Amino acid sequence: MSDSTTSYNPVRYLTEDSRPIYLHYGEDFLTHKFPAGTRVVYANKPMKPIDNQGAAIRYALNHPEGDVKPLYAQLKPGMKVTIAIDDISVPLPPMKTPDIRQKVLEIVLQMLADHGVEDVEMVVALALHRRMTGSEIKRMVGPEIFNEYYPERLYNMDAEDEDNMVFLGETDHGEKVQIVRRAAESDLLIYVNVNYVPMNGGFKSIGTGLSGYQSIQYHHNPQTILKSDSYMDPKNSALYNSNERMGRMINEKLNVFHIETALNNKMYDDQLQFLADPEDDWSAADELKFKSMQWTLKKLPRAAKRNFFHKVPADYGLVGVFAGATEAVHEKTLEKCWQQHAVPVEGQSDVVVWGIPFESPYNVNSIMNPLLVRVMALGYFFNMYRGKPIVKKGGTLIITHPCYDQFDPDHHPSYIEFFNRCLPETRCSKTLGKRWEKEFAENPNYIEMFRRGNAYHGVHPFYMWYWAENGQHHVGRVIVVGAENDHVPARMGWLSAKTMDEALEMAAEHHGPDHDLTVMHHPPFVIADVR
Amino acid sequence: METLSDTRRTAAFYDVDGTLIRTNVVHAYAYYAINSPAMGDKIGKTAGLLASLPLYWIADKFDRRVFNEAFYKNYAGFTEDRLVLIGEEIFEKVIKPNIFKGAFSLVDRSKRQGHDQILVTGALDVITKPLADFLGCKDFVANRLEIKEGKATGRLLKPMIAGANKALWVRRYAEEHGYDLDRSFAYADSGSDIPLLSVVGNPCAINPDFKMRTTARAYDWPVLNLD
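Those protein sequence lines, which keep their order, are chains A and B.
Residues 1 to 531 (full-length UniProt numbering) are what the first sequence spells out, left to right.
Residues 1 to 227 (full-length UniProt numbering) are what the second sequence spells out, left to right.
Extracted from the complex, chain A is given alone in its bound form (with noise of 0.2 Å):
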């Protein structure tokens, strides 16, 4: 392992006797060999991690960042104490346990306790998310915790519990700011954070994680969306700029104490690690490993290697960990945020090919039906970039997935309505917005599926929609290779190839035989700085 800032090039260039690429395509690989000259962009090594994580959060801890005090100077008997803890949305995948919020959160309630806080109650700032599970939250904050706060002083929030939710007032651009009410009459309310991606953490953390629909319809829709110029980029991010917002406004009402932690890269285990480098830089080892895999993959049922990668967890170490003041401690996990991920790129391409993995944020331990793949292309992967997105206006996106029409019915029942109903009229997100949006929001059935079941709020797969919508206006085209029916790539609007050969004949076909060609070899997260 060794820090970004070696002699390692994320960068490369292909020759004629380069090793085919691979890429990710649901839960199977794919390989090409693309031709000399294709540029492919991988992920930077991980950073060196921390090795004393306990002594790193203490520090944090007592050494805050901005003009706050302490945690332990502002704790005393008596007070009301809210933890706030990120979901399992993040890291993806799950890390190896334990979580680095278990090891905060061990931190934490044993300072409260030493100052004899004992209202003590930890909430999962799930906003619109699904409910976590007992064994998932189990996981997330260790057998101990679990054991003596659950359910009763650790829980799942509930965004449509309007007893339990407030409204705190309105920004000056007229958003309502709605929160947990128990957050809202603690004394203090300390939010617990996992940070892998710049997108997250900051005022979003409560801005939106502890709020519900009445308050993030005003910065989840198309307008916004389209004034988010990478929402990986806080700064152009309109998006982020509402949650800062609110989230000003969270701070002058509540006293607010953060606490960031900013994970390295590394997303496979050593035995599997070489999956993150360049294949050109593989031993005859990690391709006979990986040709295995790829043969036993192939053999397997989808349910069984969709079993298979949910139970892989991660082995990310943590190479920061801030605390203090909201803006002062993001600052500071967005710098290592950067050092992980931002790869200098130069120039965009015509034509730039992901593979889509079997993951996203919004279906952990379920499954990647239509919707995630094309927010996973359109949404996340196209918005990795600061600067410029990696593909010129007008471009060609070329995606690897079987695009099957799964979904989960009890994680994803309105996606379901969504994709066969709403989808065969229109594609256009303010057109969907506005005729269904409100409808699905306030759906019984979904609004009772999501405050009892597992399932994402009714409004979510609009979200998802609109999330996408930023990609959608900016490339040309999408064109999906190794779809497994018409259907799927049709209603989202795709074309659709059989083979990478054939994908690229059609780019090239648009584009002209002297167009550029970028893979952008995710996972690990690559976030293109592009100059």
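These are calculated hints, taken from the structure and not from any lab test.
Hints are all accurate, no fakes.
Think about it this way: if two alpha-carbon atoms lie no more than 30 Å apart in a straight line, the pair counts; the simulated DSS-like pairs of lysine-lysine are:
#1 A:311 / A:103
#2 A:438 / B:101
#3 A:434 / B:111
#4 B:101 / A:138
Small disclaimer: the values here were computed from a predicted structure and weren't measured.
Given the coordinates of chain A, assemble chain B onto it according to the supplied hints.
Using the frame of chain A, we list chain B on its own:
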């Protein structure tokens, strides 16, 4: 442009037993039998009920109408006013404590969405009415006992509300009262109520049995587990 469907009313139709409450008509009748004032009567009715339970179970699985016909014979000889009193008592002591917690918020949300709340149940009207009042339902349809000379005969008046008849009733009701079924909702737990869910645009299986669950999964109906 406002269309006809935008101006028509919408409703939420609920099956009751197993859907909104965790009890059923057998449970309700058992309450009466066990609490009968005449001891001899009590023992006889309770023992009779217990002995008949397997038969009822088989009848219910075979056909809900067969079950109803067999079961309602237990009410033969009850006077009309006594049935009303029993209904109120059963509601207070048996039904009310067994309403699913989630049912309140479901009904409440639905009301705030502007849907009229309507119960469609194979239970007796005398038991259903207090429940409908309690939940603030606009209307209900339930089975009614045939009354002759002031006493129940143990037979149900036709049409019996069960299975496909519930769906038929909902269709007619919607036609007569101007409801838009495409935008309406229906909730049920049992495979025998699949026709009921099939007539609305927004069906939802609640605490489904095997048959209902497999159908709901096949048709992508939402499945809710209330407790």
